[in-house]
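Visitor: Sequence:
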Amino acid sequence: MAAVLFFAGLAGIYALLYYLNHKTPLPEGCENIKAECEGCHDSSCALHPSHDQ
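Note that my numbering gives residue 22 to position 22 of the sequence shown, counting from 1, and the numbers run on in steps of one.
It is possible that some hints are incorrect.
With a straight-line cut-off of 20 Å between C-alpha atoms, the simulated SDA-like cross-links for lysine to any residue are [to be verified]:
| no. | residue 1 | residue 2 |
| --- | --- | --- |
| 1 | LYS23 | GLY12 |
| 2 | LYS23 | ALA11 |
| 3 | LYS23 | PHE7 |
Note that these hints are calculated values from the structure, not bench results.
Make a model of the complete structure from these sequences and hints.
Guide: Below is the structure:
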């Protein structure tokens, strides 16, 4: 029973933090970062221009 309560507590904390993070506004200047991205050597980044081709 203790393990179930422990994991339920962890899930509750995760859900609360996810909700609060989603509610937080983006910092000024970070609204459209893809428009300014020229690319770097990290091709696995979702913003890398090679994904647009």
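Visitor: State for each hint whether it applies.
Guide: These are the hints, each one checked on the structure:
no. : hint             : verdict
1   : LYS23 with GLY12 : 17 Å, holds
2   : LYS23 with ALA11 : 18 Å, holds
3   : LYS23 with PHE7  : 24 Å, violated
Checked against the numbered hints given earlier, this structure breaks only hint 3.
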